[in-house]
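Asker: Sequence:
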Amino acid sequence: MSNRLPPAWSKHIKSRPAPKVQPPKAKPPSRAQADDALLKQAYGLQQAKRLAEAEELCRRVLERTPNHPLASYIMGTLFIGLDDEMALRYLARAVGEEPQNPYYHLSLGETYLKVSEYSPAIRHIQQALKLKPDLLEALCALGRAYVEFDKADMAVPVYEKALKINRDHPRVRTGLASALTGLGRVDEAEVYLKEAIERRIAMPAAYNELVHTRKFTEEPAELKSILRELGYPKLDPDSAMRLHHAAGKVLNDLGRYEDAIDHFKKGKQAAGYKFDLEAYRRWVDSTIELFNPDMVAAKAGHGSPSEVPVFVLGMPRSGTTLTEQICASHPDVHGAGELSKLRRAANAIGLTKVPSRALAQSIVPITPDMSKRLAEEHLSYLRERAPTALRVVDKMPQNFELIGLIGLLFPDARIIHCRRDAIDNCLSCFFQNFSKGHSYIADLQTLGLYYREYDRLMRHWDKVFPGRIFESRYETLVADQEAQSRRLIDYLGLPWDDACLRFFDKEGSVNTASRWQVRQPIYSSSVKRWKNYESAIQPLIQSLGDLAGA
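Read left to right, the sequence shown gives residues -1 to 548 (the working numbering).
Since the hints were made in silico from the structure, they are not lab data.
Note that CB positions come from ideal geometry on N, CA and C, so glycine has one too.
Treat each hint with caution, since some may be false.
As the list claims (entries may be wrong) - The following label-pair restraints were derived from C-beta to C-beta distances:
hint, residue 1, residue 2, range
1, E287, P218, 46 to 54 Å
2, V362, D236, 34 to 42 Å
3, P329, Q124, 24 to 32 Å
4, R466, M84, 28 to 36 Å
5, G465, D234, 50 to 58 Å
All chains should be modelled from the sequences, with the hints used to inform the complete structure.
Answerer: Following this line, the structure appears as structure tokens:
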């Protein structure tokens, strides 16, 4: 989401003449004029990425005019991505003060969407459209919200409406294609993506979407076009990253492994990700220290006895989507996708990822009342998505970091840990165009060392919660789908249903990087794929050490 001010701001500025040199006896500017001048300056500082200075000016306005809607709005946009809870508070204040401003509703809705609070997100975005029906950004945001809320079928007509307003808007084209792909309507998605490429609309993103709609057995014409675009001397880093990953994906499909890994490496270099491995190690240390056996035993009676939540977790690309789809094919199970709700609960009590050896002193004491309240909030959130389901699956891979909190909130919840050959798993992560939140994929060595920390933490959870975590091994699932699927459903405490063997026929949308693969029957071609790259990935193998191939 852009941290821009609503377009109305430019009109707001122009409505007042620029300050002139006043004669000595002229009246000083009014409070409103002074506030406007400061906010105009704050906006300029925000655009220049001088966020601390922009925040200071907004605070000066709010000290003088506590309910100033524009100051609250700017403050909200400043906090997006840094402290989303604070962003929500400021944006809600702006909406409360100026409820007829569609841009305030849109920004609040997009921020709710960012933290996976879909109902309020959709409500505010719809209000923005009620106030301004042709607001293209709001139509795109509503489409994205429906896709992420497992209602991609509702997203398609929204994007089609946006397409009538502006056929060349990049978010319209790629958003509609993404919704169609998630629904399995790949051929239709390809038409929109190819049109976008022909019209040079968000080309890098369109190429990246296009090459992930299928597996290539013959060289597509798009590969030469992608390589030609990569030769453009003024290519920006984001475009270079997307195009290198697109080229790498096609070349990997074609078995041209040396060229493929070269493009994936260049894609990571273009992204410029940095990961503080030592800080992460300290965080793992402090988490292990906090969630020790004595602490967990002392809080054994906390939380909710509900069996509804199911947490599928592990490293990304370890089979979490496949596992969720198998479970969700059961008529009593709802697959909710990747939810950020648990992370928000962790942040609320101070269980943040800020490295500290004194994490126990920084979090709010987890009392029985608090754990019950947090658990009930989480259950309400899940019931909103599937009111009658006996089990609701949250497949956020990174929840492996929060198993301690899961154990305290839901002592009877199922936890499914997906494991995969360590080298295959890391290599598959390296091939993905992940966001900055996964900056540990910056290079092969860092990725391998991060995997070791993940493994160290998981071994701790197995000791603290013995027998509670079901391990689903990707290679075992591929080798004997029915036996492993039956084990999964039995672990969920549900009777077997043959629909679980035809997970790829399941209706509904899929929104992860695996959305193409999970619509296919199980295949084994990804097992030991790393051997095709063995000579080029020695830094990864060496950093994994004794975990290589485990």
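Asker: Next, verify each hint and record whether it holds.
Answerer: Do the hints match the structure? See the list:
no.: 1; hint: E287 <-> P218: 46 to 54 Å; verdict: 52 Å, holds
no.: 2; hint: V362 <-> D236: 34 to 42 Å; verdict: 38 Å, holds
no.: 3; hint: P329 <-> Q124: 24 to 32 Å; verdict: 31 Å, holds
no.: 4; hint: R466 <-> M84: 28 to 36 Å; verdict: 35 Å, holds
no.: 5; hint: G465 <-> D234: 50 to 58 Å; verdict: 51 Å, holds
Figure legend: structure checked against the earlier numbered hints; every hint is met.
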